[in-house]
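Asker: If you're matching positions, the sequence shown starts at 1 in our numbering and goes up one per residue.
Think about it this way: if two alpha-carbon atoms lie no more than 30 Å apart in a straight line, the pair counts; the simulated DSSO-like pairs of lysine-lysine are: (1) K407 <-> K242; (2) K366 <-> K462; (3) K2 <-> K145; (4) K523 <-> K273; (5) K260 <-> K407; (6) K366 <-> K273; (7) K119 <-> K553; (8) K251 <-> K396; (9) K459 <-> K475; (10) K532 <-> K505; (11) K242 <-> K219; (12) K273 <-> K293; (13) K9 <-> K90; (14) K331 <-> K407; (15) K138 <-> K92; (16) K568 <-> K62; (17) K181 <-> K201; (18) K208 <-> K475; (19) K505 <-> K523; (20) K323 <-> K356; (21) K2 <-> K122; (22) K18 <-> K79; (23) K219 <-> K405; (24) K79 <-> K58; (25) K462 <-> K227; (26) K208 <-> K512; (27) K331 <-> K385; (28) K428 <-> K475; (29) K260 <-> K428; (30) K145 <-> K92; (31) K122 <-> K18.
Taking CB as the label site, the calculated pair distances span: (32) G46 <-> M1: 27 to 35 Å; (33) L75 <-> N572: 26 to 34 Å; (34) R511 <-> T182: 20 to 28 Å; (35) K366 <-> K62: 43 to 51 Å; (36) Y210 <-> P67: 55 to 63 Å; (37) R511 <-> P460: 13 to 21 Å; (38) N572 <-> C515: 35 to 43 Å; (39) K254 <-> T440: 16 to 24 Å; (40) R511 <-> K428: 19 to 27 Å.
These are calculated hints, taken from the structure and not from any lab test.
The C-beta atom is built at its ideal place from N, Cα and C for all residues, glycine as well.
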Amino acid sequence: MKKLIISEKPSVAQSLAKVLGVRGRKDGYIEGKNYIVTWCIGHLVGTANPEAYGEEYKDWSKLPIIPTEWKYQVLSGTKKQFDIIKRLMKSKDVGSVVCATDAGREGELIFRLVYNEAKCTKPIERLWISSLEDNAIKQGFENLKPGTEFDNLYKSALCRERADWLIGINASRYYTVKNKKTTSIGRVQTPTLSMIAQRDKDINDFVKGYYYTVEVSCKGMIAQSDKYENKENAVQIANSLKNVTVTDIEKENKSVNPPKLYDLTSLQRDANKILGFTAQETLEMLQKLYEAKLVTYPRTDSCYLTEDMEQTAIDVINVIVEKMGFATATKPDINPVMNNKKVSDHHAIIPTINIKGFEEMGLNEKSRNLLILISARLLTATAPKHTYESTVITLKSDDTEFKAKGKTIVSQGFKVIENEFYRKINYKSTEDEQNIALPTVSKDEKLLAIGTVKEHETKPPKQYTEDTLLSAMEKAGNKEYTEEVERKGLGTPATRASIIETLIKRGYVERKGKCLIVTDKGKELINTVPEKLQSASMTAEWENKLSLIAQGKSDSDSFMQGIQEFVKEIVNQ
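Go ahead and model the full structure; you've got the sequences and the hints to work with.
Answerer: Set out below in structure tokens:
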């Protein structure tokens with residue numbers, strides 16, 4: 001009997017077939033002696049429209065719509081491929097099915113919906129890999145897991161899909177009818193829009209203010225006082241200054257740890273800040289690099305490697321240094337980036353050994369820069385700390401203190417590699433580390449001084465960029481939770497980019513340069529819907545429960561019961 005292997009995309013199916021020695025190309029699949037390899041084209045099966053539950057739901061005022069038995073439909077654009085997979089599942093030659101879709105919540109859902117819609121009952125095995133390198137695929141097939149081990153992951157995916165459907169369909173219909181205008185509401189979409197709208201409101205409501213400091217110039221250094229709200233107080237202190245006394249000299253050795261490896265969100269943030277890419281753009285390029293076997297699995301929320309990857313990481317580092325021209329001053333230290341306890345489904349994003357041939361692969365400039373960014377992060381994360389000596393000289397005149405701050409870099413550490421990367425892509429960092437020299441003084445020494453009043457404007461909050469919005473989405477709800485919470489924030493690393501794109505596509509948000517600005521349409525929506533639909537903390541709580549369901553630590557039925565009660569409350573207000 002043959003194993004039927006179902007991947008998420010044709011390109012991945014070809015990689016799997018190559019490693020397994022399956023070469024008989026057919027219409028919609030590849031067949032060999034022991035395996036048949038076929039593929040989905042993303043989602044082949046999706047939730048049915050409300051009208052499928054009854055003709056009365058053509059009337060948008062008939063609410064709530066809460067299915068007792070969920071219906072699914074084959075998507076019209078992919079029916080041919082679904083029929084091929086269904087026929088192969090029913091084939092007498094097939095003894096079992098291997099789920100080889102992407103190793104995550106969404107990939108699990110894509111496979112299970114096809115399996116269920118085809119009414120297949122054959123045993124399931126799961127291919128769970130973090131790289132499409134030949135060795136990773138080979139090892140994955142040597143260690144196929146029982147499909148039942150991923151039932152909780154499927155339940156979590158199903159709950160997420162159905163919660164999005166229930167809230168999206170019911171709330172969107174309710175407010176469309178109420179406002180007599182097409183309105184789109186989403187479980188994660190609307191709280192994210194609310195955050196952007198609130199930031200814009202804070203900026204518009206901001207009233208500029210001023211504060212004052214006194215700067216003391218003496219012996220070639222500048223020292224500064226605390227802030228004064230009253231300019232006259234600052235002027236009086238500056239005018240009365242003639243000399244100051246050194247009351248304290250504090251020297252301290254400090255260090256900055258290297259940055260962590262990239263998970264998807266932190267990579268999207270840096271790609272936006274440094275390379276100017278949108279979050280969706282980064283995800284799409286990253287997926288192509290993954291399918292080209294140049295990087296590991298992209299949709300990860302971990303910044304660490306497993307402890308059995310030490311030699312792999314060292315081998316990849318050596319290739320990066322050789323092929324990308326980075327100079328490393330010391331032997332890399334892999335220990336800080338390895339932690340089994342902080343790797344759940346997938347480890348951090350790193351390049352694969354295949355980058356030794358990346359120059360011949362014809363990558364465009366954007367993809368090349370993204371690959372170099374990921375490579376540089378592996379080098380910086382395993383480089384030494386950045387160390388420096390901090391000096392604070394405290395001066396005093398009467399009862400007023402002034403502080404001068406100096407810095408002497410002891411070792412650049414990881415910043416050598418970071419700065420080298422910035423030079424490669426012509427990026428000017430605003431965080432350049434430089435020596436700040438202070439003169440040699442002794443305690444109780446008196447110095448001639450000149451005082452100057454400096455006026456400072458208070459600054460409004462900054463508009464969200466995708467970098468800062470992704471950070472805000474990731475941290476949303478943190479105040480409500482303890483450190484034991486598995487997942488916090490709005491959405492997941494895999495979904496945040498699509499949420500931003502959806503808000504832009506529906507006209508609620510627009511891009512102005514790197515900034516994300518709420519539109520009049522977006523403001524109108526936020527002014528219409530109640531706080532509970534805008535609540536970041538509630539949505540973050542749901543996201544945490546979905547994570548716990550995936551781990552078998554929470555009940556899917558009670559989660560869905562809570563969503564149904566929430567929907568009834570929305571449409572019956």
